[in-house]
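K.L.:
Protein chains in written order, with our numbering: chain A, 28 to 305; chain B, 66 to 565.
Incorrect hints may have been included.
In silico DSS-like pairs for lysine-lysine, Cα to Cα no more than 27 Å straight-line [stated by the list, open to error]: (1) K324(B) / K260(A); (2) K284(A) / K324(B); (3) K170(B) / K260(A); (4) K284(A) / K454(B); (5) K118(A) / K163(A); (6) K324(B) / K509(B); (7) K118(A) / K454(B); (8) K191(A) / K232(A).
Read the hints as simulated data drawn from the structure, not as lab findings.
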Amino acid sequence: MTKIIRRERLVPNIHLLEIEAPEVARRCRPGQFVMLMPDLRGERIPLTLADWDADAGTVTTVFMAVGTSTQKLALKQAGDELPVFAGPMGKPAEIQKFGTVLCAAGCYGIGAIHPIVRALKQAGNTVHTLLDVKAKFLMYWEDRLKAYSDEFWVSSRDSFYNCKDYIPRVLKSILKETSLDRVITIGCTYLMYTCSEATRSKGIKTIVSLNPVMVDGTGMCGACRCTVDGRTKFACVDGPDFDGHAVDWDELFYRRKSYFEDEIRSMCYWEKENLIEG
Amino acid sequence: MGDQKKELSPELKERQKAGFVQEWRKELRKSLSAKERMKIPRQKMPERDPEERNTDFQEVNLGLAAQAAQIEARRCLDCANPQCVVGCPVAIDIPAFIKLIEIGKYADSARKLKETNSLPAICGRVCPQETQCEVVCNLAKASGVPVAIGNLERFASDYERQQGDVYIPEIPPPTGHKVAILGAGPAGLTVAGELAKKGHQVTVFEALHVAGGVLVYGIPEFRLPKAILEAEVDYLRRLGVEFRMNFVVGMTASLDDLKNEGFESFFVGTGAGLPNFMRIPGENLIGIYSANEYLTRVNLMRAYAFPQYDTPVFLGKRAAVLGGGNVAMDSVRTAKRLGADMAAIVYRRSRVEMPARVEEVHHAEEEGIEFHFLTTPTRFIGDDQNRVKAMECLRMELGEPDASGRRRPVPIRGSEFIMEVDLVVVSIGNSPNPLITQTTPELKVGKWGNVEVDWETMATSMEGVYAGGDIVRGGATVILAMGDARVAAAEMHKYLSGLS
């Protein structure tokens with residue numbers, strides 16, 4: 028069993044989970060993920076690393092409560108235990124001195140991109156960070172990301188931030204003024220897709236961190252297969268990072284929502300069993 | 066690869082002889098003539114009714130009753146030169162354990178099994194006895210019907226477990242040597258048991274949250290109940306084996322990291338955990354699973370009990386399973402149990418080339434599974450939501466034998482037809498899982514990504530590192546993995562003894 032040190036709601040629906048896992052912590056690299064189960068009836072789900080501390084032996088992830096397993100996780104408290112916590116999984120993000128790199132993220136990806144922004148900065152890059160939130164009250168970790176960013180933008184639907192627009196359009200306008208050597212994007216599939224489309228015409232290498240359905244996370248099952256450059260890849264062992272311009276996005280969208288009805292059934296069942304009194 | 070030796074080693078010959086000349090065995094042989102023994106019909110394994118069992122996940126075979134087991138044991142001629150032992154990949158002293166059943170000493174029989182096999186309740190259920198020990202049984206040559214060795218193995222080990230007093234052998238004083246086993250599948254569990262019994266400190270590292278490997282994620286409850294596996298794993302724990310679950314060697318730590326932790330010898334038994342696909346158009350449509358994914362969802366994650374368990378699985382009404390092996394049989398029988406109206410095997414060769422056990426094929430047929438032989442899909446067709454709705458198939462005919470010695474299937478031109486399906490399970494084998502080999506460059510691998518070994522010793526290219534099972538063989542059987550494991554364990558013991 029793995030102990031939870033902290034579970035905290037960062038913003039509505041997005042939570043931080045800090046876990047005591049010394050063996051995992053000492054091997055973590057930016058871009059990797061962990062597999063966990065909230066309880067023995069739960070699903071095995073992948074969560075991207077948001078931070079870790081090898082000395083303290085802790086691993087931090089940020090997740091959005093969307094289905095039964097993440098809902099269960101969102102109700103955990105410090106001191107609770109997880110029956111499954113394994114990792115780090117997946118290939119680490121490619122970190123080197125590229126020149127000027129823009130990191131675009133939204134939703135849980137704001138946490139997930141944090142180690143990448145930090146590592147890119149430490150590798151000597153000029154790092155631009157572009158975050159997407161619907162409104163000010165959904166922003167978190169702004170300071171942590173600003174600390175490693177040479178430029179910092181936020182696209183949002185309210186007027187609080189500097190870019191009241193959707194992230195691909197903001198990205199396109201940045202591209203007009205700034206020459207970028209690479210774009211790295213993490214967040215919901217739609218965000219990664221639109222950011223990849225925004226950079227396609229300029230041919231700027233755009234790395235996406237794919238988040239398909241997974242079961243074991245070790246290459247054993249193929250649930251996470253996706254088509255990249257016309258070839259089937261397993262996101263868990265060949266990825267999760269791929270070239271956003273080579274991904275078959277339609278296939279990924281369909282595969283990601285393939286259990287939609289089951290997910291709703293599962294949530295209804297769980298709510299009835301656990302949340303409704305009497 | 067790794068062909069079984071056709072003759073027993075001198076030590077094993079000695080062991081057989083010593084057992085054969087024991088007084089009680091002599092007397093038992095005299096008590097009933099071979100002729101009388103040969104007249105006894107093979108005792109039938111009681112099975113649940115097909116129409117009842119194909120709707121649930123309870124075990125199909127019920128096990129022999131004690132009386133039937135004793136009668137069956139009487140059929141064994143207790144040969145001077147028992148071929149069954151030669152046929153067994155782990156060289157169980159088969160006549161000895163069977164004769165103990167004949168005289169009613171069931172617990173002793175189970176102990177006898179455990180001298181050479183740490184997991185007899187599992188082997189008694191999933192081994193292909195008909196191609197190993199039973200095929201060479203002298204009774205089969207004499208009367209046509211071999212002794213039901215597998216059913217008797219199951220009986221003795223079930224008896225021991227059910228009466229609750231599982232014998233734990235005396236463990237010699239600790240040797241002080243630390244051994245790491247990578248993978249808690251059949252090979253790893255076997256090595257763990259053997260080395261723990263020698264007094265070594267054994268730790269098993271397992272990536273998943275349950276021990277058993279393919280025994281837990283692959284083989285369904287109706288063929289191997291989880292409780293049986295749990296009991297076998299519990300036995301290993303009582304032998305002093307430590308399990309570290311959720312530990313992915315290659316990711317959580319490398320082999321070198323473990324060396325630095327003080328582990329002196331290693332066994333790589335990480336299995337063939339990388340599913341092969343057909344590589345035909347439409348294979349990533351929704352509703353197409355690898356057998357690994359389909360069975361893992363149902364067995365390990367218990368999707369059959371969704372939504373009590375959170376992991377879902379598609380419940381096809383028209384399910385096609387591609388392949389003809391035991392995994393394909395497990396998959397198709399699972400689909401039937403989950404409510405498929407049509408659950409069909411689609412296999413590119415004919416019945417006789419199917420690698421599945423005869424018993425499994427027979428059970429599948431009884432349960433209403435359809436078989437489409439000499440058929441291969443060429444593409445999958447999806448609906449507007451990218452869900453598979455049909456597959457285009459081609460009829461085949463058998464041509465000249467290929468490298469495997471089986472006649473090669475050749476497509477018949479213009480024979481395309483459409484089969485309507487809403488669930489497809491691809492069960493055409495696995496490749497070795499790359500996680501350890503990728504992170505351990507010193508480990509020499511073959512062209513399929515399999516770890517290369519010296520078949521005499523199961524030693525890899527790295528000193529002190531041994532390997533066995535599917536990571537070496539590609540896709541094989543539980544018992545071959547266990548055979549490798551026994552060889553490796555003996556060599557690892559020698560290696561460790563040489564260190565001190």
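K.L.:
Compare the structure with the hints numbered earlier in the document and write down the numbers of the violated ones, lowest to highest.
P.N.:
Structure breaks hints 1, 2, 3, 5, 7.
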